[in-house]
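Protein chains in written order, with the working numbering: chain A, 7 to 315; chain B, 4 to 263.
It is worth saying that the hints were derived from the structure and are not from the lab. Don't be surprised by glycine CBs; every beta carbon is placed ideally from N, CA and C. Don't take every hint at face value.
[As the list claims (entries may be wrong)] Straight-line C-alpha distance at most 20 Å; calculated SDA-like pairs for lysine to any residue: (1) B:K200 - A:S93; (2) B:K200 - A:G84; (3) B:K200 - A:Y96; (4) B:K200 - A:L59; (5) B:K200 - A:C86; (6) B:K257 - B:L173.
[As the list claims (entries may be wrong)] Chain B stretches covered by chain A per the calculated footprint, using a threshold of three residues with CB under 8 Å from any CB of chain A: (7) 20–34; (8) 181–188.
[Said to hold, decoys possible] Covered by chain B, per the in silico footprint, the following chain A stretches (three or more residues, Cβ under 8 Å): (9) 70–83; (10) 95–103; (11) 196–203; (12) 245–252.
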Amino acid sequence: MEPEPLLRASAGLASGAPGESLLSAALLRRELSAAPLRSPPGLSASLRAFVTLAEKTLRARMVYRFSTLLSVLASAGGYCIFLLVWSEVYRHQGNTLALSPAQAFPYLVAAFVLNFTLSSALESRAGMRIARGLITVDLSKPMGFLPWHLAQAIGDMLSNALLALPIAVLGLVSLGHGLAPPDMSAACLGLASIVLGFLVNFAISFLTIQAFFLTDSYYGVAFTRVALHQAFSGLSAPLVLFPEPLRSLAACLPFRHVIETPARVWLGQVDRLEALRCMFQQALWATALLVLGNAVFRVAVRRVQIQGG
Amino acid sequence: MQTPGFFLELFWVAIKARAQYRADFVIGCATAVLAQLAALSFYWIVFSNVPSLGGWSGSGVLFLFGMTGVVLSLSELFFNGIWLLPLYIIEGDLDRLLLYPVHNLTFLLMARPEVHAFGNLLSGTVVLGFALHLAPPPALAYFLLPIWVASGAVVYTACLVLLACTSFYLVGPSMHHLMLGAHLLNASRYPVNIYPKALQYLLLFAFPLCVAAFVPGHWLQGEGSLLAALVAPPLAAALSALLAARVFARAVAKYQSTGS
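In isolation and in its complexed conformation, chain B is listed as follows:
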């Protein structure tokens, strides 16, 4: 039951269950597109007032927007279950989940895909495609793109897992602390060099949410190195995933049921 095949089947069943409510599926996708458009409206406002932001052209920042959209969608599609951890703890559902003979973190992450992720995936891909059309990159970039977005999704999910682990110690029904991760991911829509040094450090090293978009974007702008674009995103993903899995395992080991 620990094979990747099992988790893929679990994911597929969960997707089918979520897609049963067709109207909700369509509305969810449409609203995700709207949310991306709302974010893009700020891009439009900013670039109607300035020609560049932190030395980045409009197409460069659009690349960051597209990357962020796709990263968000992949995390929502494959690893969305983490958002329900605070409720699972309060309602006692986590006790049941921990008794399943499966890897509990992977099961938790993959058992609840979010259908509006398809809307984010669509809008993110369109924006990314448009950005690459405006400033065509070298052919190598197209091969690296899947690695960059997958790395970004893993880093974002790991960040959410770390934030969600606080729910083991500070029990409450709210998911607002997870929103901190979502807000930090939003920061990757803009060039990191416009932020103060402390925030740059936070977003590139402590919670490397901007690595998957900013470092490749920097290389595509002709300023960063190819080596950094090649190595930094997967490395950040591997280290983040390792840390998140360790912290989650420790939290589970010390977990005492709420008795719900």
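In isolation and in its complexed conformation, chain A is listed as follows:
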């Protein structure tokens, strides 16, 4: 049986005559350009894929339960050092600091729970895939690079929220109403601010990922992001306790909107107008960083070199 010209061409078989060979090549080109493997997915299919990916990420985090539990304990143990240092500071200084202990400790517990909930494995996951060349698979997904990572970040956040829940309950039991929002409006604003904080954090991470395309190891860049987050997000203390130069610098950076802003809005430590102003800044930072990340991605992806395994 005579093979089809397209199959022959794709199998690299020589044709009988030069004219026939040219015809086969032209047919192959037309076949590939006219018939893509699959038509682009519609909105509902894209949303379904987005939700499924988020769910799969959540499930993947729960596979190694003991390891995940240890990570919670390690993070909580590490954060206890901050709490103990502040306990010592307040034992000696009492109410003379800019924030009373009744405000500072609920803030610190809320900051830890938020930090744990909003942290994601986005950078390490993307870094490893870029280093191993697997990123080619991600780039060929019809969902798009940004939504692909956003879905995974949502999955991470949901699993972290489940794990952080016992710590939040423990905090509520030990600190009483101090950790709960004072009224319903503070709770609603707090929840909205947490969502915006998640978006700011995701946007920073997405921008960080773009640098991985330019380096052989993602570790250094990711670590820089973590260091900046630890110093300027308000994780170790609210900005009001920062010395002046550090406070001014932190106020100019987006990191405070990941931890400090949602924590203070949730706890009702800012009035409603100030809360709305802070949330507007959060939305602005999230939008600007996402637009910038997407723009940098378009340039960075052209520079990626896959070594071929």
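Starting from the structure of chain A, add chain B where the hints point.
Positioned in the frame of chain A, the structure of chain B alone reads:
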């Protein structure tokens, strides 16, 4: 192949291999400095609100910060391979490593130095130097300093080995349980006497991560004894190393491959 010369050569080759990626080397060192600065920002926040912490002056706590930085860097430089044990077990690489005719724990520890350790070493040394400049110690302290930091690095590595041994029994890709050791080491940045009694016991006796910094620092503050500063850090290092080697050997003896 069991001689120290072999392991030094292995370490040197591994360092050269890691330094091949020059940009990563520079970025790694720069980020380690940044991480130390991030930790120092908390020191700044605390001391902008209080004059002393647990009876320790700013320079005393800065000494603890510097010591912790140098201890961390030495462990990362010479014994960093332990961080990869969970992955070696899952991916089956440990099976191959156990067949080498070398001391397997030493080989595992020294085969993968971390280049950003140079950044931690630089920043830790600068902070330590600044702390000693602010409160000049007796001349003897300069001779004891290498013993203190080496002891601290051995204790920290031994703690990581003990934590990593849980990977033999609870297989998983995560290294988060090793982070517990890193967090406990961070506790040595502050005076141990500010912690609750149970934590003090944990950090000075069970996992003596604070001994190498706190005990000498206590002596330099004019409160602790010279004998304790002289004996406690090397003793803690020797006992920790012995315990870690024993536990690792037992875990390896019972190890069954994951079949990867």
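The hints, checked one at a time:
At roughly 14 Å between alpha-carbon atoms, K200 of chain B and S93 of chain A fall within 20 Å of each other, so this suggested pair holds. Between K200 of chain B and G84 of chain A the alpha-carbon distance is near 17 Å, which keeps this suggested pair within the 20 Å criterion. Restraint check: the Cα-Cα separation between K200 of chain B and Y96 of chain A comes to about 19 Å, which is no more than 20 Å; the hinted pair holds. Straight-line distance between C-alpha atoms of K200 of chain B and L59 of chain A comes to about 47 Å, which puts the hinted pair past the 20 Å bound.
About 14 Å separates the Cα atoms of K200 of chain B and C86 of chain A, which keeps this hinted pair within 20 Å; it holds. Using a Cα cut-off of 20 Å, the hinted pair K257 of chain B and L173 of chain B holds, with the two alpha carbons roughly 13 Å apart. A stretch counts as covered by a chain when three or more of its residues have a beta carbon under 8 Å from one of that chain; for the stretch 20–34 of chain B and chain A the count is 7, and the coverage holds. A count of 5 residues in the stretch 181–188 of chain B with a Cβ less than 8 Å from any Cβ of chain A is obtained; the coverage claim is therefore met, three being the minimum.
With a threshold of 8 Å between beta carbons, the proposed coverage of the stretch 70–83 of chain A by chain B holds, since 10 of its residues qualify and at least three are required. Against chain B, the stretch 95–103 of chain A contributes 4 residues with a C-beta closer than 8 Å to a partner C-beta. That satisfies the three-residue criterion, and the hint holds. Check on the stretch 196–203 of chain A: 0 of its residues sit with their Cβ under 8 Å from a Cβ of chain B, so the three-residue criterion for coverage is violated. For the stretch 245–252 of chain A, the proposed coverage by chain B is satisfied: 4 residues have a C-beta within less than 8 Å of a C-beta in that chain, meeting the threshold of three.
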